[in-house]
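Listed here are the chains, written in short residue letters.
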Amino acid sequence: MAQWRSARQGADDAVRFSRTLLLMFMAISAILIAADRTEDRVEAVTVFRAAFNDLSIPVLEAAAQPLRGLYNIGPWWRRQIELAGEIRELRQEMSELRAWRDVALNYSEQMRRQQELLNLDPPLPRQRITAWAVTETGGPFVRTRLVGVGTEDGVAPGYPALNIYGVVGRTIDVGARSSRILLLTDLNSRVSVMADRSNARAMLVGDNTDFPRLDYLGRAPDLQEGDRIVTSGDDNILPRGLPVGEAVLDRNGAWRVVLYSSATPIDLIWIWPFTPVEAPVDEAPADSVPPAAAPPQLGAEPEQAPASDTDVPVVGASQNDTGDEPDSGEGR
Amino acid sequence: MRASLERNSTWPVLTAMALTLALSLLAVAAPLRLPEGQGFPAPFFPLIALFVWSVRHPHFVPPWLIFITGLFQDLLTGGPLGMWALSYLLAFAIARLRSTEPSAREFILLIARFSVMTGIATLVAWIAGSLSIGQPADPTSLVTEAVITLIVFPAFCWLFARKRERTTFS
Numbered sequence: 001m002a003q004w005r006s007a008r009q010g011a012d013d014a015v016r017f018s019r020t021l022l023l024m025f026m027a028i029s030a031i032l033i034a035a036d037r038t039e040d041r042v043e044a045v046t047v048f049r050a051a052f053n054d055l056s057i058p059v060l061e062a063a064a065q066p067l068r069g070l071y072n073i074g075p076w077w078r079r080q081i082e083l084a085g086e087i088r089e090l091r092q093e094m095s096e097l098r099a100w101r102d103v104a105l106n107y108s109e110q111m112r113r114q115q116e117l118l119n120l121d122p123p124l125p126r127q128r129i130t131a132w133a134v135t136e137t138g139g140p141f142v143r144t145r146l147v148g149v150g151t152e153d154g155v156a157p158g159y160p161a162l163n164i165y166g167v168v169g170r171t172i173d174v175g176a177r178s179s180r181i182l183l184l185t186d187l188n189s190r191v192s193v194m195a196d197r198s199n200a201r202a203m204l205v206g207d208n209t210d211f212p213r214l215d216y217l218g219r220a221p222d223l224q225e226g227d228r229i230v231t232s233g234d235d236n237i238l239p240r241g242l243p244v245g246e247a248v249l250d251r252n253g254a255w256r257v258v259l260y261s262s263a264t265p266i267d268l269i270w271i272w273p274f275t276p277v278e279a280p281v282d283e284a285p286a287d288s289v290p291p292a293a294a295p296p297q298l299g300a301e302p303e304q305a306p307a308s309d310t311d312v313p314v315v316g317a318s319q320n321d322t323g324d325e326p327d328s329g330e331g332r
Numbered sequence: 001m002r003a004s005l006e007r008n009s010t011w012p013v014l015t016a017m018a019l020t021l022a023l024s025l026l027a028v029a030a031p032l033r034l035p036e037g038q039g040f041p042a043p044f045f046p047l048i049a050l051f052v053w054s055v056r057h058p059h060f061v062p063p064w065l066i067f068i069t070g071l072f073q074d075l076l077t078g079g080p081l082g083m084w085a086l087s088y089l090l091a092f093a094i095a096r097l098r099s100t101e102p103s104a105r106e107f108i109l110l111i112a113r114f115s116v117m118t119g120i121a122t123l124v125a126w127i128a129g130s131l132s133i134g135q136p137a138d139p140t141s142l143v144t145e146a147v148i149t150l151i152v153f154p155a156f157c158w159l160f161a162r163k164r165e166r167t168t169f170s
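Residue numbers (full-length UniProt numbering), protein chains in the order written: chain A, 1 to 332; chain B, 1 to 170.
Excised from the complex, chain A in its bound form (with noise of 0.2 Å):
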């Protein structure tokens, strides 16, 4: 043994590098990368993904730890003149925003008002997931976070995160206790928006740089410089009215989108359960529809005249924009 050892430590430079193992390697990243290709991702890819955060994520948290601790110290003097400066804002804020609570109230009343007439039963709005996160990755290739929440804490693929500003993401990869947020500057990222002023819709396209542009506008969009974007919920993927960002123009006259979650670290992270509106139930074959011969009773209650299947999306719409719709009011 020990003479064998000697031989291997004996031999530091004439290297044990064995070829045969380097190219059964390279062969198995090089299937790794077409399994993990973003177009056609294999399942069992997603699940292996998942399964290897849920394992890394306690440590990854207690790496974060101290990062975290690190960030808070600092000059004592610097930390009171940023203070004294957002006391200030807040302040301001504040005192603007006693207003727009007055006008939220008078509309919360009257949606519950008219709820009321319309005989609507909207559902309770869920509590939201708080989450850190604990890896951050730039780069050419992804925009993603892994925070450490997952199924066991309620969430699902798909859900929209935010930070206090507005919409990072949504989630993707979700395992037991994690999941990975995919940012909307992610080159994979595609929602549906639309400018809060005219509601003009567009597709906001993350390409990885700071900025996602907005594509799918049209001839002649009704959009200006500063328009407040949010999501339209016109793609079920996010719900409608979540704060997204402002519109800008490039240089090269194409609009895009300063994110308002980039105002600050995307550290802390709330999900948002969020159920899609399901798609309608296939028409019945004609041959099951009853005959259309029974004429409509001039007595009939109006309650039963609409057809049922009319019914569903309209309920389905106010669940959308009522029940899981996270307040909106927290963009700038």
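Calculated directly from the structure, the hints in this document are not laboratory data. All residues carry an ideal CB built from backbone N, CA and C; glycine is no exception. Heads up, some of the hints might be wrong.
To be verified - To be clear about the criterion: a stretch of chain B counts as covered by chain A if any three or more of its residues have a C-beta under 8 Å from a C-beta of chain A, and this derived list gives those stretches:
1. 11-21
2. 79-92
3. 107-115
Claimed, not checked - Per label pair, the in silico range of CB-to-CB distance:
4. A22/B / G85/A: 47 to 57 Å
5. A22/B / Q110/A: 52 to 62 Å
6. T10/B / N252/A: 53 to 63 Å
7. P66/A / A16/B: 13 to 23 Å
8. S108/A / A22/B: 44 to 54 Å
9. E152/A / I148/B: 32 to 42 Å
10. E96/A / T140/B: 32 to 42 Å
11. A22/B / R98/A: 45 to 55 Å
12. L150/B / G85/A: 33 to 43 Å
13. L118/A / T140/B: 50 to 60 Å
Using the hints provided, position chain B relative to the given structure of chain A.
Positioned in the frame of chain A, the structure of chain B alone reads:
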């Protein structure tokens, strides 16, 4: 006696290597609390760690360790799976085409060899990543990370070389 010393020195080396590789991987993935879009470009710490250990103890850095390190980096950063594994494997494969290894004291040679490896790893990562996302990626941030890696590497190399001299003459 010599065999006994060698046996005793194996586990500390393995432990140190495992620790440095783990730390290098954590350093790449750790959150720096920077606003999105202003992310600090982290050097390729795992590549530096692998290279330093491959010079100190070549037989402790087999292909499977390079593969595992790259794979862990892909998993921790959420990047395309296999991208860094393939990049590091190819970089080491090409760097080892030379028949003679530079000794730890050949400072300039070590830096030159590492620069070539960093260049290869960057190029392969860009190609593999672009294939994975289905379109050519913007190489700016990757090149920036590579340049920062080359800037910080001499410090690691100098520390390593000094350590090697001390152990050689003691």
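**OP:** Give me the numbers of the hints this structure contradicts, sorted from smallest to largest.
**Re:** Of the numbered hints given earlier, those the structure breaks are 1, 3, 4, listed in rising order.
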